[in-house]
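A.B. asks: One-letter residues, chain by chain:
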Amino acid sequence: MSGTCHHRRDPDGRKALLTATGLGVRFGNYWALRGVDLEVRDGDMIAFIGPNGAGKSTLLKALVGLIAPTEGRVAAAEPGLRLGYVPQKLSFDLNFPISVGEFLTVNHPARFLWWGGVSRRFRADIAAALDSLHVGGLIGQPLGTLSGGQLQRVLIAAALLQQPRILLLDEPSASIDRRGTDELRELLASLHRERGLTVLFVSHDLHFVGNLAENVLCLNQTCCAIGSPQEVLTEHHLTATYGGPAPSWHHAAPPR
Amino acid sequence: MSLAEIWSYDFLRYAILSSCILGPTCALLGVFVTLRGMAFFSDALAHSAVTGVALGFLVNEKRGLALDPMLVVLVFSVALATLMAWLFQRTNLSPDTVIAFSFTGSVAFGVVVIAWLEKYRLLDGILFGSIYSNGPSDLVKQGVLAVVVGVFLIGQMRRYTLATLSPELAHSRGIRTAWLNYGFALLIAATVVVALKMLGALLLSALIVIPAAGAKLVSRSFRGMLVFALLAGLAAPLAGVLVSCQINVPTGPTVVLANVAILVGCYLFRAIRAASGRA
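Chains as they are written, first to last, in this note's numbering: chain A, 1 to 256; chain B, 257 to 535.
Chain A with its partners taken away, still in its complex shape:
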């Protein structure tokens, strides 16, 4: 296992929002992640890459607070820092009778009583979140009937309802086809560009990563490399990260 590396790039004095220091997560006797230092700055767009079992999702979940670190710590720059987490997939009973609008209502961060239906008070918020992802027509559709791409957008809408400073996505392109992946890349790029949203995401798709991320963190239980896609997505770093022949990728379009 190689040593730790540090993401302390601060070219323009942007504020650090989230800092992981000496982060380690152990499951039983197995260290999924160890010695990771990472500083997430306002406006960052960082991708986590690495082979299966490298600790990418574990790092993302530790940053969200879903997994408690075994060692080290995760600190937010301000109390109540709002995070919008989008899981890799929503494993739920497809016969669960809940509409998309109701799903977004239960995800709304405000405190209010609810007994089914779409909240009248927050209907405009919910419709706007869906419209911004071009799925406004799905508000009354049962959640279990959505396609992979539609569900991915609804999950992002649910995360955006939290009015997050940081959007964290676990393998957002895993369950969608090539065209859907391109649309998702455009969508995340526009959220980053137009709303100034800080975005962290895990991906196996180096084409997706290379055309979207500003920085790439290579993980294999610890941090192997970090830098811009041009610096990191090289044969040398990819071979070191994946421990074998480097996966190929090509930069097909301007990053954003």
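No wet-lab data here; the hints were simulated from the structure.
Think of the CB as a built atom: it goes at the ideal place given N, C-alpha and C, for glycine as much as any other residue.
Some hints here could point you the wrong way.
What the hints assert, rightly or not - Calculated from the model, a selection of chain B residues having no Cβ within reach of chain A, i.e. all distances over 10 Å:
no.	residue
1	L273
2	R346
3	F384
4	S393
Said to hold, decoys possible - Residues from chain A shown here face chain B by an in silico Cβ test under 8 Å; the list is partial:
no.	residue
5	F92
6	E171
7	A174
To be verified - Label pairs and their computed distance ranges (CB to CB):
no.	chain 1	residue 1	chain 2	residue 2	range
8	A	R123	B	G293	30 to 38 Å
9	A	N29	B	P506	55 to 63 Å
10	B	W435	A	A174	26 to 34 Å
11	B	G293	A	P51	31 to 39 Å
12	A	T234	B	F296	50 to 58 Å
13	B	A530	A	H236	31 to 39 Å
14	B	Y388	A	S175	55 to 63 Å
Given the structure of chain A, go ahead and fit chain B onto it with the hints provided.
C.D. replies: Just chain B now, kept in the frame of chain A:
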């Protein structure tokens, strides 16, 4: 027997009022029991009442006390529910394994105690219940239960719904899912204890699970499921009491059969809707 005649008898009036309170309360709880796949959990708690009642008689007989056995059932059910919820959270045993050994172990222990006390007749009442033995004090207990379940579930409904749909997503939104799970287990325990007298351990699960299961079959939204379950939860026990009076058959099983009839109706409705391409 006319409705006016039925209403004129105290025991029938109390049975009808009890149905109107407990039916929708159990159905509301059943919405989450069904969606969380906990039908076997409520069944296990209902059967553990055998042990609670046996322990109540044991304490009274050996210590010369006059405790209400249902109080001991409440304590035992709450303790068992908490233990099972703890085992779900803290061990890698699957929920059905935890329920199976808790269920069979507690019932076996209860039967041993009942055999030792030579109180075999107790088993009849615990297993089959007797809705006609309800009195005003039972209605008060049932009313309090309805208020507690209603306030708790409606107050936490958004959290419970999200935690039921995706515990991971709920956790990421700052919802403390472990506490919700404990709270829900305790609500089931309290409901089982209060409703046991009406249907008994064998039939109680029907009151909790079937209205919600039927509602799930025909609903496309959460509100639809909630409203349908509450209506079915009200209609089935009322129909069961009234029909059993008319044709002179046991009330508990009639209530269960009314629930099953609703479930079959829901299934047929869904099948017809699917066949006509609107599912």
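A.B. asks: Next step is simple, just say for each hint if it's right about the structure.
C.D. replies: Do the hints match the structure? See the list:
no., hint, in the structure
1, L273, "24 Å, holds"
2, R346, "14 Å, holds"
3, F384, "33 Å, holds"
4, S393, "30 Å, holds"
5, F92, "5 Å, holds"
6, E171, "14 Å, violated"
7, A174, "15 Å, violated"
8, A/R123 with B/G293: 30 to 38 Å, "31 Å, holds"
9, A/N29 with B/P506: 55 to 63 Å, "58 Å, holds"
10, B/W435 with A/A174: 26 to 34 Å, "32 Å, holds"
11, B/G293 with A/P51: 31 to 39 Å, "34 Å, holds"
12, A/T234 with B/F296: 50 to 58 Å, "55 Å, holds"
13, B/A530 with A/H236: 31 to 39 Å, "57 Å, violated"
14, B/Y388 with A/S175: 55 to 63 Å, "56 Å, holds"
Violated hints, in rising order: 6, 7 and 13; the structure is consistent with all others.
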